[in-house]
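Chemist: Take a look at the letters that make up each chain.
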Amino acid sequence: MTSFRPTSAAEVAEIVTWAAAERQPLEIVGGGSKCGLGRANRPEHRLEVAALSGILDYEPPELVLTAQAATPMRAIAAALDAERQMLAFEPPDWSALLGTSGSEPTLGGVVATNLAGPRRVRAGAARDHFLGFAAVNGRGEAWKAGGKVVKNVTGYDLCKLQAGAYGTLSVLTELSVRVLPRPEQECSVLLAGLEDEAAIRAMAAALNTPHEVSSVAHLPAAVAARVAGPAGAGGSLTVLRLEGPGPSVAYRAEALQAEALRQGRECHLLDHASSTAVWAAIGAVQPLLARTDSVVWRVCPTPASAASVLHAIQAARIGAEGFYDWGGGLLWVSLAPDQAGDDCGAAIVRGAVAAAGGHAMLLRAPDPARASVPVFQPEPASLRALAQRVKSGFDPVGILNPGRMQEGV
Amino acid sequence: MLTMPVPDGAVLSRRAEIVTALRRIVPGEGVIDSEEERRVYESDGLTAYRTLPMVVVLPETVDQVRRVMRYCSEHGIKLVPRGAGTSLSGGALPLADGVLLGMGKFKRILEIDIANRCAVVQPGVTNLAITHAVQDQGFYYAPDPSSQIACTIGGNVGENSGGVHCLKYGLTTNNVIGIEMITIDGEVVRLGGKHFDAAGYDLLGVMVGSEGLLGVVTEVTVRLLPKPPGARALLIGFPSVVGAGECVAAIIAAGIIPGGMEMMDKLAVQAAEAFVHAGYPLDAEALLIVELDGCEAEIDHLVAAVEDIAGQHGATSCRVSQNEAERLNFWAGRKAAFPAVGRLSPDYYCMDGTIPRRRLGDVLARMKQMEGQYKLRVANVFHAGDGNLHPLIMYDANQPGELERAEEFGNDILRLCVEVGGVLTGEHGVGVEKRDLMGTMFDDTDLEQQQRLKCAFDPDSLLNPGKVFPQLCRCAELGRVHVHAGQTRFPELPRF
Ligand SMILES: Cc1cc2nc3c(=O)[nH]c(=O)nc-3n(C[C@H](O)[C@H](O)[C@H](O)COP(=O)(O)OP(=O)(O)OC[C@H]3O[C@@H](n4cnc5c(N)ncnc54)[C@H](O)[C@@H]3O)c2cc1C
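Quick mapping for you: the protein sequence lines, in order, are chains A and B. Numbers given in our numbering equal positions in the first sequence, counted from 1, plus 22. Numbers given in our numbering equal positions in the second sequence, counted from 1, plus 1.
Chain A with its partners taken away, still in its complex shape:
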């Protein structure tokens, strides 16, 4: 096994050109924080791009930041923080979940895995903020797409394709992302004691108010206590987040609380600091971190069906715990490793989500399991064939993270 450590895009191109000619598969590594994501079949060589680091251009009023692909997220957050700006899609910190606290998440990794935090319901995912890039394709050619302005439809939107492609199409070397002002104020309204079904309805109702609720999560009683901070008194917690200018947040928080009281619900208010802390914990999947060996699924069901999906999984008695983010659009499920079975519960989880539509990713499982169980939801044959043709259009001999998403892709 060889590790390549290029220091420029030109060197990346040189390495990939060689790898393509020799049919030598490469694993692309930025900071290494997401090596545990995706299917676990490690290619022969590592292409470690960590040296491609640094912010290249950032003018806050333009709302655009350009950086080299392996720029650590910490450096990006610090630069944005100094200008009271942010990445609105709020990339969550999965280091505890994945057991990778020692390694640095990078911008390229965040985009390549299309991360999105709790603000997803309002602000979208990495894909929605990815404006342009330079990359090296599987032929070893340096190329680019998109632009460095916030509005652009010149050519196909290849940013969308790169985001979430897990490095299987091209090696990103430089990225431009949209940035936005950080909200001046934030608070959260907590509803206590709702059953899952009622919570799903309450979350939908909150999102359907004009109060611009920017994140909505529900933590069932079994896991709510694991989130430090909110006084839960042992019951479930439904959290509604508000952000914006001070007077606006105050007004909307008042309105949401009044509505909750009118419905006879117990509710509390979390101030700015506690609210930020709770949402960071939810983004980091903290409610399911009680065990480090559990199998974790990241399910994207049709939001209104989320409670029935979790209940179907729990009814299969595989020691399932779960909680809801994105108003039900994101369902995190952990399974006891000894009860999940050889397929890590794939048949049960995917069976449950199939009814109302959606998909499930096996996010955390031991390497052998992630090599044998499809990590990403298998696609219908026609779509799979199309995806394979797309892959060969970028990486004809299949050397860039081959098999990381699916066999043959």
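Quick caveat, the hints were computed from the structure, so don't treat them as lab data. Note that this is a predicted model, so its numbers are computed, not measured. Please note that the accuracy of each hint is not assured.
[What the hints assert, rightly or not] Facing chain B, from chain A, some residues (calculated, C-beta under 7 Å):
1. 108
2. 122
3. 163
4. 165
Glycine is no exception: its CB is placed at the ideal position from the N, C-alpha and C atoms.
Chain A is fixed; fit chain B with the ligand onto it per the hints.
Modeler: For chain B with the ligand alone, kept in the frame of chain A given last:
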């Protein structure tokens, strides 16, 4: 003028046979054969370009679309999808040897799902009809191109259309969560749905903005948003366009993302005022319309902040709308800016470049010089928040050479946009209009990579050929792998 691919004589000679075959798939008036009726479809919103399509097909069912596509694919016949034909870049320009596939009959709203905050609609539903269908329940569909009464959601997907509210609420791509599409060989593929994100590659994201080159969209699932409880607009006059631009930057630097932020230069202001009497300040060199939406508390707070910033940046006038009628009146002038400029001149040509906002001053100064050089006037309207310029070049197509001059002027403006770090098109698409300028933004490798994506969807280049790319796709050649084992040296690089 651009040239389109030379029509294929062999296909043209089989025209009668093709029409008959299509009639077997789409009965009755769904296949349009007569020259007179085909004329209706000869151009889209880019009216300088006209081509009579070989035949027009207006299917009514997904199965018909599928069979038409399969027929075209089996017989090597080109196909151009069309929604309402309002594209400003010639995306729906027909081909003389191609089938024009009009999706206008797909007009049904299939489902409104408030619990999941989305609606499932057919592609021929107009943009505004979606909002109309859900507004009683307090919702709307956010992207609002000025053409929204006429343009279809299928066309919006094709072009990734924007509107005056997209700085805050996003373009089509941020508001479409699922589609059903048919590939050129007649396969039905569903991408996305009511749930978030995709299990595999984000092909939905690629379909949005693909200008009809990758597949035909037969169903669209859009995200619905609750209507903001209120909105107020400010009408702010400035003694210079540069001053107005600096004010825009300061508003954003203050952490404010307005619901809408539009700028017009003096000529555009005067044209709009003469047309709709919106009460615009005629002495201003530039006018800014800033709309702030949300709850009253938020609007009060932000209006005060924006008034302050405008004052600090030398605004000569500043009016805040006092009621809904006045707010709509402020917008009426902006929304009618294109037709208003159309009254000043027999013809106008609408450009659509985006620039980094900090370069606005230079770009406008250079545009002024070009006005002298090309002896044509320009009125400017911008989506100021995102730097998307719409220079409207006024010309008279009846004067020999003026159209060509207007086009060359437009091309120079777009080259300038790219030169200062911007892009050729912010929301109208490349189509035929900017096709031959793609090389100013992308090199051959970039364009080949884009075309290889096309090859994955449409290997024989039957869908909307002649658009977007300066060269026709040669998939066999593009797919070839030239490198061979043993001939490339091991990289002389640090390795471990
Ligand atoms: C007065 C005026 C104002 C405008 N204002 C704006 C504006 O503010 N913002 C903006 O973004 N645009 C604007 N436009 C441009 C235009 O309205 C948009 O591009 C619109 O989305 C086109 O929709 P359409 O239904 O007319 O599509 P068409 O013009 O018919 O087609 C557009 C493209 O999409 C493809 N297509 C259409 N339907 C399908 C389908 N079902 N499947 C696959 N491909 C398909 C076509 O092949 C073509 O490439 C304006 C146009 C006019 C005339």
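Chemist: May I ask which of the numbered hints given earlier this structure violates, with the numbers listed in increasing order?
Modeler: 1, 2
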